[in-house]
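**Student:** One-letter residues, chain by chain:
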Amino acid sequence: MFIFLLQSLLLCFSPPIKVGLFLRQVRFIGAQSLVVILLTGAFSGMVLGFQGYYSLNRFGSEAFLGPAVGLALIKEIGPVISALMVTGRAGSAIAAEIGIMRISEQIDALELMGLNPLRYLVVPKLLAAILSVPLLTCIFDVIGIIGGYLIGVKLLGVGSGVYFGEMANYVDMKDVLEGLWKSLSFSVIITWVCCFKGYYTGIYTGFGAEGVSRATTQAVVTTSVLILLWDYVMTSLLF
Amino acid sequence: MIRLESVHKRFGSLEVLNGVSFEIKKGELVALLGGSGSGKSVLLKHIAGLMKPDSGKIYINGAEITSLTKKELEVVRKGFGFLFQGGALFDSLTVFENVAFPLKEKTKLSKEEIEGMVFRYLELVGLKGAEEKYPSQISGGMVKRAALARALITDPKIMLFDEPTTGLDPQMSLSILNLIGSVHKRLELTGIIVTHAIPTVFRITKRVLFLHNGKVAFDGTPKDLMDSQEPIIRQFLGEEED
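These protein sequence lines are chains A and B, in that order.
Under our numbering, the first residue of the first sequence is numbered 1, with each subsequent residue one higher.
Under our numbering, the first residue of the second sequence is numbered 1001, with each subsequent residue one higher.
In short, the hints are calculated from the structure, not lab data.
Note that the Cβ used here is the ideal one computed from N, Cα and C, for glycine as well.
It is possible that some hints are incorrect.
Claimed, not checked - Pair ranges (Cβ atoms, derived): (1) B:E1113 x A:T235: 52 to 62 Å; (2) A:Q7 x B:D1169: 37 to 47 Å; (3) B:T1066 x A:T235: 45 to 55 Å; (4) B:K1070 x A:S213: 27 to 37 Å; (5) B:K1025 x A:F207: 29 to 39 Å; (6) A:S213 x B:Q1137: 19 to 29 Å.
With the hints as constraints, model all of the structure from the sequences given.
**Tutor:** Set out below in structure tokens:
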């Protein structure tokens, strides 16, 4: 599994890169995940707005709602939920698509043409995810902060200037970068695991429709667990 | 050109290839026959280097391919063509794009040259007019013909056909086999055809291998096969003759 990742990463730096396939994947992994990211981002921010306000209110610290929402979203919730959403929407489809290509011998056909299947099937997805997932995370964060603003400021009466002013005071560039590093590493995990599970459909999961279904389930479950596990590792390293 | 020495392959408890040995000379076109599940497709995949045997050796042009690295195998495969049982067309590409794919990726031909060749090969296999269709929009037989065009368009030196006529009507089967026969003569390609189209396939092949219980049970001319009194061959021919 690690050799698969290593080979794919090395191919990212050795031309030719299939630009058409890359752009198609940016649309699939990035643009087409936008709606789900906007929805989950908005509701996550709104829930944080409520929870944060009622928790801080106990200590008379509602003024810190802005930094609480901002830090939670930017450092933790944004990268993790974005990655989980992309896994569910695009990762499962990636595993199924490559799995079907495996069982219908399309990958064998590529190999027999003397072409490296990883260059066509994995590298464009890997590069597209590296570009798209951090961008989706940024969008998630912004929408989440707006969601928190709507609840905290418009509904519960925290001052607008206080919400954004305190957020600016307490959220540093270091926090933003921490979130971006996380989402960058999650993007690699998503494509690595989902492509691997699809690519080796048949060997580890059995052939036929059942094999593809099993590969897809394994891809989503393994990726989700790895994202949470790696989030813990990164959080403990970056603090 | 192609030589197999005591090739064994087992999937779990099932021994699919049980010491297969034969040699095919340059320019020879051989029909590989056998009952369903007798290991014909598995054998082709071994020759193409897509599967590795548990034991035994496979020589292509004198190179023993079971011990080659992926890169070395790519070089050996350059002169290979393979028609897969299900066609293995890329389902995200149109028929035209599928046939053009190996030329686009592996040659420096101009767009116009590729276009000309693709149209010519599609006409040869009777697929004129289906260029813009996706594999999911055409019949199984058409998929097979498009795959044949894709396999032949690079003028391979060794061609492996895995059931090229399955799913085709008798007339189209005959025209596909004739096409394979004419390409074989024109390019002097070495080939193996796995097929159930008996005796039609004997119009273009002079040698037949019959696989039974993971071994080559018969190796001879089509006439010898038809005259054979071996019970397993009589039984097989009784089932397959069209």
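**Student:** Does each hint fit the structure? Answer for all of them.
**Tutor:** Hints and how they fare:
1. Separation of B:E1113 from A:T235 is about 57 Å and conforms to the stated range, judged on CB atoms against 52 to 62 Å.
2. As the Cβ distance of A:Q7 to B:D1169 is approximately 44 Å, the hint placing it in 37 to 47 Å holds.
3. Hint check: B:T1066 to A:T235, Cβ distance near 48 Å, so the stated range 45 to 55 Å holds.
4. Checked against the hint of 27 to 37 Å, the pair B:K1070 and A:S213 passes, with Cβ atoms roughly 29 Å apart.
5. Range check, B:K1025 to A:F207: about 35 Å between beta-carbon atoms, so the 29 to 39 Å window is met.
6. Distance hint check for A:S213 and B:Q1137: the Cβ-Cβ separation is about 25 Å, which falls inside the suggested range of 19 to 29 Å.
Of the hints listed earlier, there is not a single one the structure fails to meet.
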